[in-house]
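Undergrad: Sequence:
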Amino acid sequence: MNILKILKKSVIDSQVYVSLMGTLFAVFFMKEQNTFRLPTVLLIFITYFSGYLYTKYQYTKHFFKILVLNAVAGIICAFLIIHNHNEIRLLKWFVIVVLGLLYNSFFLDVYIRKIPLLKVFYVGLVWALVNCWLTLPEFSLPIFLISFFYITALVLPFDIRDMNSDTVQTFPMLIGIQNTKYIAYALVFISSLIGVFYLKPLYAISFFSSTIITYILIYYSENKRDDAYFSFGVETCSALPFLFLLIMEYF
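Oh and the sequence shown: position 45 is 57 in this note's numbering, straight run, nothing missing.
Misleading hints may appear alongside valid ones.
[Stated by the list, open to error] Derived DSBU-like pairs: lysine-lysine, alpha-carbon spacing no greater than 35 Å straight-line:
no., residue 1, residue 2
1, 73, 43
2, 126, 68
3, 126, 212
4, 212, 236
5, 126, 236
6, 212, 73
7, 77, 212
8, 126, 77
9, 104, 236
10, 68, 104
11, 126, 73
12, 104, 77
13, 68, 236
14, 212, 104
15, 43, 68
Keep in mind the hints are simulated off the structure, nothing from the lab.
Let the hints inform the model, and build the full structure from the sequences given.
TA: Here is the structure:
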């Protein structure tokens, strides 16, 4: 039990896990598009990690440390882009960072997270832009749609988890848990349908396989479940396409 608590605090609560999951989701599409590069992977991980740290700790006594850490992370990311990519990639990265700040920042009177029902779509938007725009020479609409619908669906179970504590109206609060699940099912279905028709066969199978597990985890999502079910179980869904791809490639 102590090991599980240590693991949760050091990996999940530290935002390392969600950042890794987001990075592996991006890697899946990078490999499918033959754009995989290690500096880009590192860039994405640092961006996710610093962004989630900022969101979580901006109202705490650790804020100054997080601000310094984010400044260092920004310098590292700029260095990675300048030395491995081009100024267009730097502009794309900057736009995505700004979108992240608009999601939840202490210096804004109104930010995205305060707007009822918008949060789930906004998170899907930012993650989708990383996959379809930041890592590719040109914007890819199919990858945007696959990512947007899939990630938006994955955010909905977290709204189910937080429905008794959220101060802003969310889908579970408005239409109930079961109807929220129906929306998530529909979004995953649309995402998988686009993936089957657009992605290369091996990648399409990998993505479709991940949606099966995603359906199951959404089905059993309840606000009384332990936080680990969401922060580990549901969060892992974003890495499943890449993990299924590894299994099919090497086994």
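Undergrad: Is residue 212 within 35 Å of residue 73, Cα to Cα?
TA: Measuring from Cα to Cα gives roughly 48 Å; hence the hint is violated.
Undergrad: Straight-line Cα separation of residue 212 and residue 236 no greater than 35 Å?
TA: 39 Å, violated
Undergrad: Against the 35 Å threshold, does the CA-CA distance of residue 126 and residue 77 hold or violate the hint?
TA: Holds, at roughly 25 Å.
Undergrad: Regarding the pair residue 104 and residue 236, is the alpha-carbon distance no greater than 35 Å?
TA: 40 Å, violated
Undergrad: Is the straight-line distance between the alpha-carbon of residue 126 and that of residue 212 35 Å or less?
TA: Roughly 39 Å between the alpha carbons, so the hint for residue 126 and residue 212 is violated.
Undergrad: Does residue 77 pair with residue 212 here, judged by a C-alpha cut-off of 35 Å?
TA: 44 Å, violated
Undergrad: Tell me if the straight-line CA distance from residue 212 to residue 104 falls inside 35 Å.
TA: Status holds; Cα separation ~26 Å.
Undergrad: Do the alpha carbons of residue 68 and residue 104 lie within 35 Å of each other, as the hint requires?
TA: 24 Å, holds
Undergrad: For the pair supplied as a hint, residue 43 and residue 68, is the alpha-carbon distance within the 35 Å limit?
TA: 31 Å, holds
Undergrad: Would the pair residue 126 and residue 73 pass a check requiring their Cα atoms to be no farther apart than 35 Å?
TA: 22 Å, holds
Undergrad: Take the C-alpha atoms of residue 126 and residue 236, compute the straight-line distance between them, and say whether it is at most 35 Å.
TA: 24 Å, holds
Undergrad: Is residue 104 close enough to residue 77, meaning Cα to Cα at most 35 Å?
TA: 26 Å, holds
Going through the hint list in order, the structure does not satisfy hints 1, 3, 4, 6, 7 and 9.
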